[in-house]
Structure formats: C-alpha cells, structure tokens
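Chains P and A are the protein sequences, given in the same order. Going by this note's numbering, the first residue of the first sequence is number 10, and it counts up by one from there. Going by this note's numbering, the first residue of the second sequence is number 103, and it counts up by one from there.
Don't read these hints as lab results, they were simulated from the structure. Beta carbons: idealized from backbone N, C-alpha and C, even for Gly. Warning: the hint list may mix true and false statements.
For lysine to aspartate or glutamate, the following EDC-like pairs were computed, each having C-alpha atoms within a straight-line distance of at most 16 Å [as the list claims (entries may be wrong)]:
no.	chain 1	residue 1	chain 2	residue 2
1	P	Lys188	A	Glu108
2	P	Lys188	P	Glu178
3	P	Lys188	A	Asp267
4	P	Lys188	A	Glu162
Listing some non-contacts, in silico: residues in chain P with all C-beta distances to chain A over 12 Å [claimed, not checked]:
no.	residue
5	Gly59
6	Glu138
7	Pro198
These are the residues of each chain, in order.
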Amino acid sequence: MPSLLFLAAFFIAPLFVILEMSFQEGRLPVEGAGVFQNYQRLFADTFYLGVIAETVGLSVVVTLVSVLMGYPVAYFMVRHASGRSYDLIVFLLIAPLLTSIIMRTFGWQVLLARRGLINEALMMLNLIERPLGLLNSPLAIVVGLVHVLVPFMVLSIASVLQGIDRRLEESARILGAGKLQTFLRVTFPLSIDGVGTGAILVFMLANGSFVTLLLLGGGTLQTLPLLIYQQFNTTRDFPFAATMSNALLVLAVCCLYAQLRLIRRRGV
Amino acid sequence: MAQMREDVRERWALAAFTIAFFVFLIAPILVVVAVSFTSVSYVSFPIQGFSLRWFWRIVEYRPFLDALGVTIQVAFLSTAVAVLIGVPAALGLVRSRGASAEVAMTFLLSPLSMPMIVLGLALLFYLSALGLGISLISLVIAHAVIGLPYVVRTVAGVYRGVSPDLEESATMLGANRWQVLRHVTLPQIRPGIFAGALFSILISVDNLPISFFFGSPSTNTLPVVMLSYLEHQFDPSIAALSTVQMVLALAGLLVIERFYGLRHLGAPT
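Let the sequences and hints guide you as you build the complete structure.
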C-alpha cells in the first residue's frame with residue numbers, strides 16, 4: 010500500500026535519522042564519554058532534569074485543570090442540553106479549534122497584558138491598585154494551554170457519558186443513594202474511560218507545545234519543546250536537539266501505548 | 103418535590119458553569135477580532151476608533167502576501183498527496199479483517215500522536231540528507247505526513263457506515279472492480295473524502311511546529327511569518343490577519359457541517 014510506504018519513508022525513517030544524530034558529538038563534547046554523551050548530558054545535568062520535570066509537570070497541571078473544567082461542561086452537554094443548544098455547544102467547542110494558535114495566543118496577550126483587558130477591569134472595579142503581572146508567567150502558560158486543549162477533553166468525556174445506561178443511576182437512586190453519591194459511585198466510574206482518553210490526548214498535546222510557552226511564558230518555564238526550538242534557532246547544537254527530541258518522543262510513545270490500551274479496553 | 107428542586111438547581115449551576123466556560127473559550131478570539139478594527143497602531147481597550155487600515159497592512163506588507171501564497175500551495179498540494187494515498191488505504195483497511203489491518207490502521211494514524219516539533223526536526227535532517235533540504239517539496243511532504251491521518255480517519259469512518267451490499271450487488275451484476283469503485287463506492291464516501299481533505303488543509307494552514315524548520319524567505323508559511331512578526335512587534339496587523347484566517351476557516355467548518363455533519367466528528371479516538 011503506497012500510504013504505508015510513504016509513512017515508512019517520511020515518518021519512520023526520519024525518526025531513525027535523529028536517533029542516529031543523537032549519538033553524534035554535540036557542541037560540548039565530553040572527553041571519552043562515547044556515543045551516549047548527549048544522553049549523559051541530558052540526564053546528569055540538574056538543569057535538564059529540571060526541564061524534563063517542568064515539561065511533565067506542566068502537562069499534568071494542564072490535564073488536571075482540563076478535566077475539572079471539561080467534565081461539568083460535558084455533563085451539561087449530554088444530560089441537559091437538547092437539540093439546538095446541543096448543536097450550538099458542539100459548534101462552539103469546535104470553532105476555536107479552527108482559529109490559528111497564533112490568534113488565540115495573541116488574544117491572551119491582549120487580555121493578560123499589564124494594560125490589558127483583565128488588569129484594566131480589575132482596576133476599574135477597585136479590586137487591585139496596580140496592574141498584576143499576569144503575562145509572562147506560568148499561570149499565563151497554563152491558561153493558554155488549557156484554552157487550546159480543553160475542547161478535546163469535553164468531546165472525549167461527552168462521547169462516553171452519552172453511552173452510559175441511565176437505568177444504572179436510577180437504580181442507585183431508588184436504592185437510596187444520594188445525588189452526589191450516585192455521581193461519585195456510579196456515573197463517574199462509568200465515564201472514567203472518557204476522562205482517560207481525553208487526559209492522554211491533552212497530556213500528549215501539552216507535552217509537545219511550544220508556541221504558547223514562547224509567547225505567553227516569557228521564559229518562566231523551560232520545557233523540552235521550547236529548548237529544542239531554542240537549540241535549533243540560536244545554539245544550533247543539532248545532536249543535542251536530537252537527543253531532547255528523542256526524550257520527548259519516548260514520552261509520546263508511552264502516551265500512545267496507554268491510548269491503545271484504553272481503546273482496546275473500550276472495544277472501539 | 104425536594105428532588106425536583108435539587109435537579110433544577112443542578113441544571114442551573116451546570117448551565118452557569120457552561121456559559122462561563124464558553125466565555126473563557128470565546129473571549130480571547132473576540133478580543134482579537136475587535137483589535138483588528140482599531141484605528142491606532144497599538145493594542146488598547148476600549149477600541150479606539152474604527153478603521154480597516156490593518157486589513158490594508160496585510161496586503162501591503164510583502165512577507166505576509168508571499169507567505170500566504172506559500173501556505174495555500176503547501177496546503178493544497180499536501181492534501182492532494184494525502185488524499186491520493188490515504189483514500190485507497192482507508193478503503194482497503196476497512197473491509198479487511200485481522201490483526202495486520204488493525205496494526206496498519208494504528209500505524210497510519212500514529213503521526214497524530216507524535217510531537218510535531220520532533221517530526222519537524224527529524225524531517226528537516228532527513229530531507230536535507232536526501233538533497234531536498236528547505237524547499238516547497240519538503241514542506242509538501244512534511245504536511246502530507248500530518249494530513250494523511252485525518253484523511254484516513256474520516257474516510258474510514260464514513261466507509262465503515264456504508265453497507266457492502268451495494269458493492270456486492272454491483273459485482274454480481276457483472277461490474278469489474280474499477281467500475282464498482284468508480285460508480286458505487288466513491289459516490290458513497292465522497293463526503294468523507296471532502297471532509298478529510300478540508301481537515302488536512304486546515305491543519306496544514308495552521309501548522310507551525312513543522313513549518314518553522316523549513317523556513318526561508320521563499321518557503322515561510324503564514325504562521326511562521328506571523329510568529330516572527332509577533333516576537334518583534336505587537337501591532338494590530340496580526341489581529342487583522344488572524345481575523346481573515348478565522349473567517350475562512352469558519353467558512354470551511356460550515357462546509358464540513360453541510361456535507362458531513364459535526365456530530366460525526368465526536369471524540370478524537
């Protein structure tokens with residue numbers, strides 16, 4: 010099949026090329042360290058270990074916030090919205106996915122700037138005296154990433170909530186469970202696959218993002234994609250960039266594996 | 103009675119949360135649209151004056167126009183490649199059973215799960231080694247890799263819902279494989295091809311993590327030019343350009359909706 014050949018040639022082969030490149034000598038060669046010197050540099054230096062921790066940590070936070078924000082919306086959408094309002098919600102969820110990443114980041118820059126809309130509004134309400142430094146902070150990064158990724162979470166959770174047999178909930182209620190108890194013991198556990206699918210997807214996409222960090226973070230968080238971008242643009246240490254790419258790739262493959270396990274369990 | 107009141111309260115609380123959620127989702131986009139109509143050269147609120155000067159700036163600023171040309175070429179050519187190789191794959195895999203078909207399908211969709219920045223870096227080195235380097239062809243190949251999964255997934259989704267009965271009847275009535283494909287299969291999966299191609303175009307137009315590796319004055323795509331512009335200055339022309347892009351993409355979404363229906367998009371599994 011031509012498409013399999015195409016991917017073998019232009020997807021798999023390139024990945025082997027950077028694997029090979031990561032074993033070459035980088036800008037800061039270590040005497041006698043051998044072919045794994047770039048990996049030694051990546052995993053022995055506390056700075057780079059910190060970068061890996063920040064990459065994963067940021068993705069975890071973004072994923073958790075997305076679940077907390079996305080679940081109630083998915084629940085409302087499936088259980089309470091009907092007909093036209095359901096269609097409107099789907100449209101509003103998908104429409105932002107079609108605006109450019111630049112546009113959405115620019116929008117947050119305008120909103121979060123020192124003299125931006127949020128600061129001006131808070132000052133007008135006399136809630137703060139001086140503008141808050143909202144932009145160029147980890148908070149801005151999380152807000153920007155959640156904004157981009159949370160629609161995927163809502164759609165994943167909604168698709169599973171839709172398939173839950175509501176008689177199970179009714180039985181729980183008849184047997185005397187309270188509303189909250191029914192949700193925690195019946196509804197939520199039944200929807201956990203949707204949460205899982207969405208979480209893996211959001212985590213994966215957050216891991217690889219760098220535009221948001223570049224424009225909203227102002228260097229307050231250093232993650233692998235951001236460093237790869239900088240290595241490429243300024244330092245031009247390609248073997249080390251390749252090494253970081255492979256670290257990111259390993260994370261992605263783990264996510265892909267988790268995703269496949271989950272899909273198989275759902276029997277889709 | 104008490105339970106009904108509780109239900110109503112839950113409903114309203116969820117509705118309020120959902121509305122707040124969509125304000126969060128839509129506000130940054132509306133803000134950009136508003137900024138693009140300002141008459142001053144800095145970004146401020148409330149909008150000062152009303153003018154279309156920033157839309158004119160798009161046309162006047164040479165790199166924007168050049169990049170637009172590159173973006174359109176890359177989007178359409180890469181989508182053509184993705185459709186040409188993706189549709190036969192989707193058709194073949196949907197009707198075949200067994201573990202190998204499942205593995206092949208997973209493989210075809212796997213570029214979706216790769217961090218694009220990794221793919222971009224890898225493709226740059228690989229294509230440079232092949233002698234293609236930073237060129238339009240390289241960009242088209244790279245974008246076809248990420249467009250392919252969208253085409254395969256959408257076409258496979260539609261084809262799965264098509265009963266094989268019609269194809270079998272046509273074969274029994276003496277049609278050869280080519281005639282069955284041309285007169286029976288293709289007309290039925292056309293909405294899927296169309297939607298997949300549109301997705302592939304939209305993904306290509308918005309791509310930054312791959313495109314920026316292949317950046318040069320003659321191969322810069324729109325997002326690459328916009329990013330470097332944003333890194334150096336902060337004026338409303340980016341807003342105007344984004345607004346134009348959004349209007350075009352929304353038009354695309356409405357077309358998908360007409361031919362395919364948004365409900366089918368569902369969860370990205």
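Tell me the numbers of any earlier hints that the structure contravenes, in ascending order.
3, 4
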